[in-house]
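Participant: Under the numbering used here, the sequence shown has 87 at position 87, and the numbering climbs by one with no breaks.
Hints may contain errors.
Here are the simulated DSS-like pairs of lysine-lysine, each with C-alpha atoms no more than 27 Å apart in a straight line [what the hints assert, rightly or not]:
| hint | residue 1 | residue 2 |
| --- | --- | --- |
| 1 | LYS117 | LYS132 |
| 2 | LYS179 | LYS146 |
| 3 | LYS90 | LYS108 |
| 4 | LYS90 | LYS179 |
| 5 | LYS184 | LYS108 |
| 6 | LYS184 | LYS117 |
| 7 | LYS98 | LYS166 |
| 8 | LYS146 | LYS117 |
| 9 | LYS146 | LYS90 |
| 10 | LYS90 | LYS117 |
| 11 | LYS117 | LYS179 |
| 12 | LYS108 | LYS146 |
| 13 | LYS184 | LYS90 |
| 14 | LYS166 | LYS90 |
Calculated from the structure, these hints are not laboratory results. Since the structure is predicted, the reported quantities are computational estimates derived from the model, not experimental observations.
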Amino acid sequence: MARSPQLPDRAKTWFSIIIGLLLIALFIGSFFSGRRAAQPKETKPAAVHEQGDVHQYEAQPEPEETTSKTPPITEEAVSSAQAVLPDFLKAYVPFDSKQPDAYVDRSKLYITDSFYKQLSTFQRRGTLSRVKTEYVTAEWTPAELKADEQWYNVDVTVTHTDINGKNEDGLLLYVVLLKLVDGKWKVDDVGIRPGSGAIPE
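Turn these sequences into a full structure, and let the hints steer you where they fit.
Facilitator: Rendered as structure tokens:
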């Protein structure tokens, strides 16, 4: 007769009793350790230090504009900076997966040398849903205007073409930094704002 792999009833009973006793012991141990933690510890009296003389500092006078004053922003500076945006966006935004780096050379006239070097090391890539992007229109609003640098939030309406030739309208949201370099406004940085993608219907 083959033996069953199950434990005999007598072993099951002893096993259950041992488990039960261990659970009770754990419960009692945790109860007493909890009470020990709840009891306040003896506190040592804080050392008393004699009060010594305290040096009183005199308030410093307000500094008189030691920083170089930047000239106020003029309407002419704003309009000349904004005049760069449409040409830059028409050069920067279009993308074709057959010539992924063409936008860098097209944008060179409108960007600083440091930004050109940065763009030269970065390569745009197409996806199955976007192998070509065409610029349609752009709108911008000033975010921060200074005499030597200006930030703009730019919304660019584009048309994306997928691998099958199907077109879809899209919206690209950028933050563009323009800097005054040698008397000319040039783009020094472009960042993507959250929310870029298809135009909501």
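Participant: Check the hint pairing LYS90 with LYS117 against an upper bound of 27 Å on the C-alpha distance.
Facilitator: With Cα atoms ~20 Å apart, LYS90 and LYS117 stay inside 27 Å; holds.
Participant: Does LYS90 sit within 27 Å of LYS184, going by the straight-line distance between their CA atoms?
Facilitator: Since the Cα atoms of LYS184 and LYS90 sit roughly 19 Å apart, the hinted pair holds (cutoff 27 Å).
Participant: Can the restraint linking LYS117 and LYS132 be considered satisfied, given a maximum Cα separation of 27 Å?
Facilitator: holds, 24 Å
Participant: Given the hinted pair LYS184 and LYS108, is their Cα-Cα distance within 27 Å?
Facilitator: Status holds; Cα separation ~14 Å.
Participant: Is the hinted pair LYS108 and LYS146 satisfied, with a Cα-Cα distance of at most 27 Å?
Facilitator: It holds: about 23 Å lies between the C-alpha atoms, which stays within 27 Å.
Participant: Could you grab the alpha-carbon distance between LYS184 and LYS117 and see if it respects the 27 Å cut-off?
Facilitator: holds, 19 Å
Participant: Quickly compare the C-alpha distance for LYS98 and LYS166 to 27 Å and report which way the hint goes.
Facilitator: Distance ~17 Å between LYS98 and LYS166 Cα, so the pair holds.
Participant: Between LYS179 and LYS146, is the straight-line Cα distance small enough, at 27 Å or below?
Facilitator: Satisfied, since the Cα-Cα distance of roughly 9 Å is no more than 27 Å.
Participant: Just to be careful, I want the Cα atoms of LYS90 and LYS108 compared with a cutoff of 27 Å; is the pair within it?
Facilitator: holds, 12 Å
Participant: Check the hint pairing LYS117 with LYS179 against an upper bound of 27 Å on the C-alpha distance.
Facilitator: holds, 16 Å
Participant: Sort out whether LYS90 lies within 27 Å of LYS146, counting only the CA atoms.
Facilitator: holds, 25 Å
Participant: For LYS146 and LYS117, compute the direct alpha-carbon distance and say whether it is at most 27 Å.
Facilitator: holds, 25 Å
When the structure is compared with the earlier hints, no violation turns up for any of them.
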